[in-house]
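**Q** If you're matching them up, the sequences are chains A and B in order.
No gaps in the numbering here: position 235 of the first sequence is 235 in the numbering used here, and each next residue is one more.
No gaps in the numbering here: position 274 of the second sequence is 1274 in the numbering used here, and each next residue is one more.
Any given hint might turn out to be false.
If the Cβ cut is set under 8 Å, some of the chain A residues that face chain B in the computed set are [unchecked claim]:
#1 His79
#2 Asp91
#3 Gln95
#4 Met119
#5 Pro121
#6 Ser125
#7 Ile386
Honestly, the hints are just simulated from the structure, not real lab data.
No experiment lies behind these values; they were computed from the predicted model shown.
Cβ coordinates follow ideal geometry from the N, Cα and C atoms, glycine included.
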Amino acid sequence: MTIEFSNFSFRYESLDKPTLKNIDLRIEKGEKIVIIGPSGSGKSTLGQCLNGLIPHAIKGEVSGKLELNGHNTSALDMHKFTEQVGTVLQDTDSQFVGLSIGEDIAFALENQLMSNLDMYPLVKSTAKMVDLEDMLERSPHDLSGGQKQRVSLAGILVDDVDTLLFDEPLASLDPKTGKATIEIIDQLHQETGKTIIIIEHRLEDVLHRDVDRIILMEKGEIVADTTPNSLLASDLLEVHGIREPLYLSTLKAAQAPIDSNDQLAKFEQLNFEKYKSSVKTWFDSMPARHQIESTSTLLDVKGLTYSYDGEKNALEDVTFSVGKGEFVSILGKNGSGKSTITKLVMGVLEQDSGSIHLEGVDLSTLSIFERSQKVGVVMQNPNHMISHHMIFDEVAFGLRNRGLEEAAITEKVESVLELCGLSKFRHWPIEALSYGQKKRVTIASILVLEPQLLILDEPTAGQDYRNYTSMLGFIQKLNQELGITVVIISHDMHLVLEYTTRSIVIADSKLIANAPMTDVFCQPDLLEKANLSTTSLLELAIKMQINQPNLFMQHFINHESQTTLVGLS
Amino acid sequence: MNASKVKFGISYIDTKSPLHALNGITKFALFLAWVTVVLTTFDLRQIIVLIVTGLLLLRMTKVPFRVYKPLLLGTASVLTLNAVFMYLLAPTQGQQLIGSEHILLTLPGNYSLSQETLFYLVTVTLKYFSMFPIALVFVFTTHPTEFAASLNRLGVPYKIAYAVSLTLRYLPEVKKDFVNIMHAQQARGVELSKKAPLFKRMKNVAKVLGPLIFSSLDRADEISNAMTLRGFGRHQSRTWFSQSPLKKADVIALSLIGVIVILAVLKRLYETQLFWYPL
Chain A
1 MTIEFSNFSF RYESLDKPTL KNIDLRIEKG EKIVIIGPSG SGKSTLGQCL
51 NGLIPHAIKG EVSGKLELNG HNTSALDMHK FTEQVGTVLQ DTDSQFVGLS
101 IGEDIAFALE NQLMSNLDMY PLVKSTAKMV DLEDMLERSP HDLSGGQKQR
151 VSLAGILVDD VDTLLFDEPL ASLDPKTGKA TIEIIDQLHQ ETGKTIIIIE
201 HRLEDVLHRD VDRIILMEKG EIVADTTPNS LLASDLLEVH GIREPLYLST
251 LKAAQAPIDS NDQLAKFEQL NFEKYKSSVK TWFDSMPARH QIESTSTLLD
301 VKGLTYSYDG EKNALEDVTF SVGKGEFVSI LGKNGSGKST ITKLVMGVLE
351 QDSGSIHLEG VDLSTLSIFE RSQKVGVVMQ NPNHMISHHM IFDEVAFGLR
401 NRGLEEAAIT EKVESVLELC GLSKFRHWPI EALSYGQKKR VTIASILVLE
451 PQLLILDEPT AGQDYRNYTS MLGFIQKLNQ ELGITVVIIS HDMHLVLEYT
501 TRSIVIADSK LIANAPMTDV FCQPDLLEKA NLSTTSLLEL AIKMQINQPN
551 LFMQHFINHE SQTTLVGLS
Chain B
1001 MNASKVKFGI SYIDTKSPLH ALNGITKFAL FLAWVTVVLT TFDLRQIIVL
1051 IVTGLLLLRM TKVPFRVYKP LLLGTASVLT LNAVFMYLLA PTQGQQLIGS
1101 EHILLTLPGN YSLSQETLFY LVTVTLKYFS MFPIALVFVF TTHPTEFAAS
1151 LNRLGVPYKI AYAVSLTLRY LPEVKKDFVN IMHAQQARGV ELSKKAPLFK
1201 RMKNVAKVLG PLIFSSLDRA DEISNAMTLR GFGRHQSRTW FSQSPLKKAD
1251 VIALSLIGVI VILAVLKRLY ETQLFWYPL
């Protein structure tokens, strides 16, 4: 099926300005396309135009033309769209409407009035395409994120559509599962010849397998429509706030001779010989490493064990400590128990055995609220934390509960809002903020309590590179200038690599590593166990025959943090 | 082990028992028939037969006894309490209904306990109780969407029937959100434990509900988009993956149920005395 946008614009009913402006784009049958762009660039809106949600479920003003197979879509019914374009949504939980895998795959068929005698074999064979044929009876609660996504995919494939549209398929997946997803999509593309459109901002992960073209969007317009190689050789990604593949950033940092004729999109196809000398020279210029001085212990966790159901341990005998002023990450796949640690530190759960001390004080002697004065926890979803209408009240809430004088509260809240760059929004309602700004509000509402330890659960989830760099830059500033100890819980390898100094790795409820981050990242076997993957930085170091890959990583990180600092100031 | 960790839930448990093999419609019909029969009778003999059969069916589900033991005990104690209150409100109900009076225990006022009232209270309590085992059988052995499919087949519009199934699907997610929000609020000094006075606690729970409702509405929006994208609501009706045709066992069971219901209704119509009292 060919897709053609000509001079296409769209404005949401609730907004003043158009979200898509004069889009001209043609996608041929069987192509594999990636659409990238920062948050708010209109890439998801473009997807919604393709699958018919716009104009059928989401209202707004359309101008220009969108043609599917040469037919103008303005007259098409919703179901004509769904017959041609299958969509896998970002949030696989919302897409999984059935109570079992089989049922969910059959959902589209049920709606088409297919008799269930015809349904069974079709569901079974579709499930086989994504390796789920033995689990048809399983319910969504028993599945991992990757499995849920495969169910969503099967639920679309069962309908035999021409075009598959993936809306940020990697957003909630750990690195290993993300790679597997890209492989499945690629395999489907090759076996069925369907048109594939992937909307994503994790470019390096998408490029794990070949793509034909990349469309770069910014502010509702297409700014580039080109091959992966020429896009990577250009500076467009940097200009528009998209993260380049790590190996490429390294090559650029080393000022290696890159031109648009180079094969840059696939790591394996890089011409390593060509870049070797400049990379080596760059690495040799690394200044001697200064030792990080050891500090006194702030958080001390010993033999921590917890079980939700009394049968299976979510955490088993976990022991580690965090020193004052450190910036530490806790890594592990979804469900490995890493969030359980936070809940135990917060005191909303009570450990079965083991102890947690903060500055020598046993936390079990303190109430949840008393603990929250010392340990601030920022949850993944800001909507779960925010309970007030106005920003000022939200930030002041914890202080008011503490029973402070209103004058003192005002002073503290204002200085925190200033610190978080939220001063000008002081009297705004929270609904008017973007997701990233809401996240900042939640951080501000915790910081105002002046905790000694700040724990952030998946701070980058749902944010694009530009937002997340400024967010993490801010947290780093808190760490370095105010001396607040920070623990980040994440499976985002880039984040961990660039900002934290030490990693604690949890896999299947046990602690499997507690070492400087660069050491952890040099151990593929260890990462494998935690469903993480090595970064292309390590692979580049190996290809360049550098025998101290951890120092190589460190050099790159130092370089990056310097350039970001320059960029911020 | 902490007591709060014990799994407490009434949900579908697949043990592959013969009852699981029956069609959802059959089980739903059984449940409705059961309730009808119970409502027609005040006959202790019939009620005891129903309870024994109900408990036997519950055993046939092969669901381990420990799963439903707390539920049975809980219901029994609530119903007993209910009987006590009935006695406190109307201590002479039995005498009035049966028309005789044999005092067992003399108490002040009109609170003397008569043999008739005692018998009446036992009958009523057991009557209510007899509906409980079969409700458990239904829940344990019927997959929720099979239930939705049955509802649809019995004439309930499919959009409503599917809403039932969706509720069951997303209840655990909403519960997860609720717990997260509660934790976040607790950490900022909202007291939700028994330490706070009741009124304050209710006010604080309301603070959790706000964000919960908003996050649930967001979710509902996404789910509805996801369903639209897969063609939900396109036709006047839909088919059901989890609906199976009626088998021989179902037909036999349904006929048996039908006969029993008719007999029970006939008994009720020809009964001279509504309340069976042998003494």
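**Q** With reference to the structure, classify each hint as holding or not holding.
**A** Hint check results:
Annotation: A/His79 was flagged as interfacial toward chain B, and the flag holds, the nearest CB pair being 5 Å apart, inside 8 Å. For A/Asp91, the shortest C-beta to C-beta distance to chain B is roughly 6 Å, which falls under 8 Å, so the interface hint holds. At about 4 Å, the closest approach between the beta carbon of A/Gln95 and any beta carbon in chain B falls short of 8 Å, and the interface hint on this residue holds. Residue-level restraint check for A/Met119 holds (minimum Cβ-Cβ distance to chain B is 6 Å; threshold 8 Å).
Among the interface hints, the one on A/Pro121 is violated; its C-beta lies about 12 Å from the nearest C-beta in chain B, farther than the 8 Å criterion. Here the hint on A/Ser125 is broken, as its CB sits about 15 Å from the closest CB of chain B, past 8 Å. About 6 Å separates the beta-carbon of A/Ile386 from the nearest beta-carbon of chain B, less than 8 Å, and the hint is met.
In the structure shown, a violation is registered for the earlier hints numbered 5 and 6, in ascending order.
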